[in-house]
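Protein sequence lines correspond, in order, to chains A and B.
When the count follows numbering that gives the first Met the number 0, it moves up by one through the first sequence with no breaks and lands on 248 for the last residue.
When the count follows numbering that gives the first Met the number 0, it moves up by one through the second sequence with no breaks and lands on 179 for the last residue.
Heads up, a few of these hints could be off.
Unchecked claim - FRET-style restraints, in silico, Cβ to Cβ:
{"id": "1", "chain 1": "B", "residue 1": "F48", "chain 2": "A", "residue 2": "V95", "range": "38 to 46 Å"}
{"id": "2", "chain 1": "A", "residue 1": "Q3", "chain 2": "B", "residue 2": "A78", "range": "32 to 40 Å"}
{"id": "3", "chain 1": "B", "residue 1": "N76", "chain 2": "A", "residue 2": "S122", "range": "22 to 30 Å"}
{"id": "4", "chain 1": "B", "residue 1": "D145", "chain 2": "A", "residue 2": "H191", "range": "38 to 46 Å"}
{"id": "5", "chain 1": "B", "residue 1": "T150", "chain 2": "A", "residue 2": "A200", "range": "48 to 56 Å"}
{"id": "6", "chain 1": "B", "residue 1": "D145", "chain 2": "A", "residue 2": "S202", "range": "32 to 40 Å"}
{"id": "7", "chain 1": "B", "residue 1": "E134", "chain 2": "A", "residue 2": "Q209", "range": "45 to 53 Å"}
{"id": "8", "chain 1": "A", "residue 1": "A27", "chain 2": "B", "residue 2": "R79", "range": "19 to 27 Å"}
No lab work stands behind these hints, which were simulated from the structure alone.
Quick reminder that beta carbons are idealized off the backbone N, C-alpha and C, glycines included.
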Amino acid sequence: MTCQETGLLIHALADGELDLTKSLEMEAHLQDCPTCALAREEIRGLGYLMKDASLRFTPSASFEKRLRSAVRREAKEKPLTQGWWRWAMAAASLAVVVLAVWAVVVILNRPSSDTLVAQEVVSSHVRSLMAQHLMDVPSSDQHTVKPWFDGKLDFSPPVKDLAPQGFELKGGRLDYIDNRPVAALVYQRRQHLINVFVWPAKSSSKSTTQVSVSQGYNLIRWSNSGMEWWAISDLNLAELQQFVQLLQN
Amino acid sequence: MPEQRSAVRFEEVALPHLPAAYNLARWLVRNDQDAEDVVQEAYLRAFRFFEGYRGGESRAWLLTIVRHTCYTWLQRNRARELTDSIDESHEEATADFANPEMRLAQEADAQMVRASLAELPLEFREVMVMRELEELSYKEIATIADLPIGTVMSRLARGRKRLHSLLAARMGVETKGGTA
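Only chain A is shown next, with the shape it has when bound in the complex (with noise of 0.2 Å):
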């Protein structure tokens, strides 16, 4: 980074408006430049400065007191005449109705807590792919990996390491899925990466393999040894199932 691009960074790492990635660069920028240190400490200083100078005006009691009975007066002069009135009751029954059907709508609609789990394994993969948050332990050695979820979950996850079968580890981190912490487990296929989440079971019912796809993702959900397993990737479905099948033995 240079003192040309952090002219203006500077001022919003001052007001702590970067976020971490961005702080960090700044501040082993920082380090190395005493200019633009010293810059940062002066925003500050001004920062400061202001806040103990006591620079905010305050409203009088007197002028809040005229401001309420304004606001009063304004109430009391709104054209809510009796006729308003009248329509507004006849459109508030209406509503009723309305909403009541529409309930009934969308309690018979409502999209099965599969499909919800669904769309949170989606965006949670996006989001991975997109936020650079990929991996907390990047990491191939499985004996690695499992442990370092030691203390951050309740239960422990199974982690296979399936490099000789072209599925290299990447890593795993935290995800937070269906209500509770869940691992994530980062796999590798060529250029196409996979989010494998791991966590127990409501019911220790035995589901099929169910496959599905969902914003140009594949996804294939199933429960194995009290584990609740999802897999995604943008990786072609017969290579994916295969990966599964590696999973599952």
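Start from chain A and add chain B according to the hints.
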């Protein structure tokens, strides 16, 4: 009485923000009496729009109306201030605070800071007041002033730089005329 009820609800939502509303208006119109008039007009306007208010960020909602009312007032009464628009090309928004002669933080007093801030052009003054006095986030300022976040950021940078040099100038004067 439905109208009384809505007045009570409006007061619950809007009155807690009166200090912020008054402070912003006072810094924009720069006079106690005018600030009171503008704030009262803004509150009545907000009350009329209140049925359209859908909950959520009530401070930003109210301050948007207050700022708008201030600008309308300035247009009617002090149109020249609005046309004294800032020269966008005049200066670069880079950080050259790091001039050792200009280390002010310990020495400037409240009176000087107040006078220097009042001297800032409107566009800079309002973002400085919202950021430094009201401690609003860039996003809130962007919403209230209807500006892109990038513009908020560059106006703050340039506002700070100007305030800094105004203070420095004022201090130079003060030291020369002082007891030393």
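These are the hints, each one checked on the structure:
1. Our hint of 38 to 46 Å for F48/B and V95/A is violated, since their Cβ atoms are close to 26 Å apart.
2. For Q3/A and A78/B, the Cβ-Cβ distance of about 38 Å falls inside the hinted range of 32 to 40 Å, so the restraint holds.
3. Separation of N76/B from S122/A is about 51 Å and departs from the stated range, judged on CB atoms against 22 to 30 Å.
4. A hinted range of 38 to 46 Å for the beta carbons of D145/B and H191/A is consistent with their spacing of about 43 Å.
5. Taken as a hint, the range 48 to 56 Å holds for the pair T150/B and A200/A, whose Cβ atoms sit roughly 51 Å apart.
6. Here the CB-CB span from D145/B to S202/A is close to 52 Å, at odds with the stated 32 to 40 Å.
7. E134/B and Q209/A have their C-beta atoms about 50 Å apart, which keeps the hinted 45 to 53 Å range intact.
8. One distance hint, 19 to 27 Å for the beta-carbon pair A27/A and R79/B, is violated here, with the actual separation near 47 Å.
Consistency note: the structure conflicts with the earlier hints numbered 1, 3, 6, 8.
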